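Student: Sequence:
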Amino acid sequence: MSKQTFLHQLAKEILKNYSENLSELVIILPNKRAKVFLLDELKNLVTHNIFAPEIISIEDFIQDIAGIRSIDSVELIFEFYEVYLSITEKDKAEPFETFANWAKTLVQDFNEIDRYLLEPDKILNYLENIKEIEHWSVDSNKRTELIENYLIFWKKLPHYYHSLYTYLSNKGIGYQGLIYREAVENLNHFSENNNNHFVFAGFNALNQAEEKIIQHLLALDVAKIYWDIDETLLHDTFHDAGMFQRRFKSEWIYYKTHPYEWIVNDFSEAKNIQVIATSKSIGQAKIAGHIIENQIQENSSSIQNVALVLGEENLLLPVLHSLPANIDALNITMGFTSKNNPAQLLISKLFKLHTNALTRNASNYVMYYKDVLDILTHPFIENYVNADGLVSIINKNNYTFITHKKLVELHPESNELFQLLFQKWDRSCVAVLENLSTILLQIKAHLSFDNEEEKITNAFVYSIYKIINKMISYFSSHQNIDDIKTLQAIYKQVIDLAEVSFEGEPLNGLQIMGVLESRVLDFETVIITSVNEGKFPAGKSNNSFIPYDVKKEYGLPTFKEKDAIYTYHFYHLLQRAKNIYLIYNSDSEGFDAGEKSRFITQLEVEKQPNHNLSFQYYNPDVPNIAYQPILVPKTESVMIRLKEIAEKGFSPSSLTSYIRNPIQFYFQRILRIKETDEVEENIAVNTLGIIIHSALEELYKPFMGRLLTTEDIDACFPKIESEVLNQFKLEYKEGEINKGRNLLAFEVAKRNVSNFLKHEKEGLEKGDQVQILALEADLSQTLQHATLPFPVKIAGKVDRIELRNGKIRIVDYKSGKVEQKNVTLKDWTGLTEDIKNEKIIQVLAYAFMYQHEAKGKEIEAGIISFKNLKSGFLPFTFEENKVKTTAITEAIIENYLAQIVVLLQEILNVVIPFEEKIN
954 MSKQTFLHQL AKEILKNYSE NLSELVIILP NKRAKVFLLD ELKNLVTHNI FAPEIISIED
1014 FIQDIAGIRS IDSVELIFEF YEVYLSITEK DKAEPFETFA NWAKTLVQDF NEIDRYLLEP
1074 DKILNYLENI KEIEHWSVDS NKRTELIENY LIFWKKLPHY YHSLYTYLSN KGIGYQGLIY
1134 REAVENLNHF SENNNNHFVF AGFNALNQAE EKIIQHLLAL DVAKIYWDID ETLLHDTFHD
1194 AGMFQRRFKS EWIYYKTHPY EWIVNDFSEA KNIQVIATSK SIGQAKIAGH IIENQIQENS
1254 SSIQNVALVL GEENLLLPVL HSLPANIDAL NITMGFTSKN NPAQLLISKL FKLHTNALTR
1314 NASNYVMYYK DVLDILTHPF IENYVNADGL VSIINKNNYT FITHKKLVEL HPESNELFQL
1374 LFQKWDRSCV AVLENLSTIL LQIKAHLSFD NEEEKITNAF VYSIYKIINK MISYFSSHQN
1434 IDDIKTLQAI YKQVIDLAEV SFEGEPLNGL QIMGVLESRV LDFETVIITS VNEGKFPAGK
1494 SNNSFIPYDV KKEYGLPTFK EKDAIYTYHF YHLLQRAKNI YLIYNSDSEG FDAGEKSRFI
1554 TQLEVEKQPN HNLSFQYYNP DVPNIAYQPI LVPKTESVMI RLKEIAEKGF SPSSLTSYIR
1614 NPIQFYFQRI LRIKETDEVE ENIAVNTLGI IIHSALEELY KPFMGRLLTT EDIDACFPKI
1674 ESEVLNQFKL EYKEGEINKG RNLLAFEVAK RNVSNFLKHE KEGLEKGDQV QILALEADLS
1734 QTLQHATLPF PVKIAGKVDR IELRNGKIRI VDYKSGKVEQ KNVTLKDWTG LTEDIKNEKI
1794 IQVLAYAFMY QHEAKGKEIE AGIISFKNLK SGFLPFTFEE NKVKTTAITE AIIENYLAQI
1854 VVLLQEILNV VIPFEEKIN
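Going by my numbering, the sequence shown opens with residue 954, and the numbers climb by one from there.
Possibly wrong hints are sitting among the right ones.
[To be verified] With a straight-line cut-off of 27 angstroms between C-alpha atoms, the simulated BS3-like cross-links for lysine-lysine are:
1) Lys1305 to Lys1423
2) Lys1045 to Lys969
3) Lys1750 to Lys1774
Bear in mind the hints are in silico, worked out from the structure with no lab data behind them.
It should be emphasised that the depicted structure is a prediction, and the values quoted were computed from it without experimental measurement.
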């Protein structure tokens, strides 16, 4: 970087003033990340070996003064619950889950009160008085129990605060505010026993405790503080970026006799600022990648001093996928979020399976098939539990709900990992967590460190393993919290802490970071994404019991102070940069909508003379053709397969499949791609059709080869329920049919069969003579034609063939609705070009196949539609000059075959590819 950075100036100042006693110097920075960069600056400036000064963050420094260990937010809630139980009557104590909902907010308020060194009783009693005033109109004798409990809660706040403070102090642990308050109390003792010199650098907003500690050390002349503020921001009394430092400069006693260091003049220098508007988050990621690619080209593959600051951390993965492949060095300061961690997803799925099973039926432990399959097919599990057979059994047999006992029976050869995964969670929370810990160790045992992908998997597993072990520690120490739902709620909260760190070069190449990680650092080129209101700056969040006016009165930070902190971070990023790219989401409506940040407007309104501010709007390229249809040429192997099909037989449905979409025909018939077996939770339409067909076949089988009588039909009615049930079991296997949609489907199937039999009986009563010749019969006939490259067999299964009143009638059952117009034809031309003729093509195919068996008898072919039974048999009808013919004559067969030959010529023509039809 051509211009000196803040850390470079700081390193020079340190070596100039403290080179003789660096080992006695402690440098305190706003965050830990800046330490690496400061050490690098020191290394570049020294000419001989030296002992580096101690460099720590402000939190660690104050923790050292207080002598108290910091605990995380989850452990704090556990400790608070212990305190709550000890001071609350047993019958009035709330369960942990309810307690945690308000305790998290209350602890945050305690934290703020302590960080700003306020008198807790004063502010908490103030809150109680506010709540009393809110209910002043309610007669004390008429107050409900709910109001009384509400007011009692506010009365108890001081008691909660002091009890928690004392309890944590006695254990030597604490939340941040407690540590800060204790540090201030311990300040004199710390100063008396300290021989070090302190340098504070790069700070902006300080709380009261930090201010008091720093001013105390400054007054003792054992400390120096170096700010990093531009005079443009400091001297503008309305500019939020300088809000805190203007106050420090005017109010701190130290600055009555000492200069305010450092005030710089970098912001007003020449800068090229490009504001880029684009659509959605992905658009921002793509543009950021494009800018970096241009930087690489302009700087001969080097992207030193380039920072990509993500205003929204969930943009990390899209950005990583958008980066150019030729990046030579990269460092990511933020971790990979646990939400996408596959090990975390597995644990979440286990929670879902077991908590649902416990809720559904704790004794039988009934598991939902999707929950089971989610675990068995998880990439960490699939290759190690050897459960392919079990997955197949569940899918083929339509197991919707599976008891624990049944699952064990279905997979008798289970290994240890399988047993751990599906072990009942009917024990203590600690036992459940230990089970999860063992599962993760089992997964780790299968991983290899030689394989790069498995090394990454190991990192994912280890991050969750640490969290589970931390939770074991929590629940072991707090035995009174032992509920699986509470465990799940705590897990969801804790998991946010489980990030997987990226490995990278912290000092070289492109730096990808969040807003807070950019503190103290300077870059020549800065790319900032999500420069939208609510993202940068973050929106208002009022997760506090303390109202705004009370915060204002007592000097607690409000949204205005938080906005001022973001403003400083934003302007500090721009301060020494030469090239700045501000990318924001321009979509103002719909999902992921955004509004341009006020910071961009501020740059426009307060434009510096040397700033080149430009605006660009990027819209995604929308192609003229949204989708190109698939084209598959007919290769030699395809032609061989077509010949195989011609020898075995083209079914009527395969011909109509080609008419509907040649690519569908290609996938199903040429490539033989079958639909994967999946559990049918609700009976599919085609399954219901098969059940009705099969039930009718079984009912009519005893009457084949003789004339039907009304007595035969009457004998069928009592058998309907048992036969339909039998077919359901054969087709739907273990699927649930006693409730819900499937029960309705069962009743529909029974009604359809019953209605069909009633219709049949009515015909017989009218004098129809019916003899069933075939049921579900396999038919075939070879078609030979001079224009076809080889003979083609037409083959298929017909539902029913009967001799009715001296005529052959071929019947095709349809479970959907069919009307007479669907089987009526007026013109043969284009028969095979329109899918609306599919019913005609099918029934005429059956007639062609049965032609020789008819032995000269008149043939009718048509459809019986179960959704249109009142119309009865719908025969194929040819209408010419308003004359309708239902008899299938030689002429009709010839005209039909001529059209089928045209279709087969296209299918078998090597020159014509399979082309997808787009509706």
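Student: Decide if the proposed pair is consistent with the structure: Lys1305 and Lys1423, CA atoms, cutoff 27 angstroms inclusive.
Tutor: This hinted pair holds, its Cα atoms lying about 21 angstroms apart.
Student: Would you check the hint for Lys1750 and Lys1774, treating anything up to 27 angstroms between C-alpha atoms as holding?
Tutor: The given pair, whose Cα atoms are some 24 angstroms apart, holds under the 27 angstroms limit.
Student: Are Lys1045 and Lys969 close enough, with their CA atoms no more than 27 angstroms apart?
Tutor: Cα-Cα ~65 angstroms, so violated.
Hint 2 alone, counting from the list given before, is not met by this structure.
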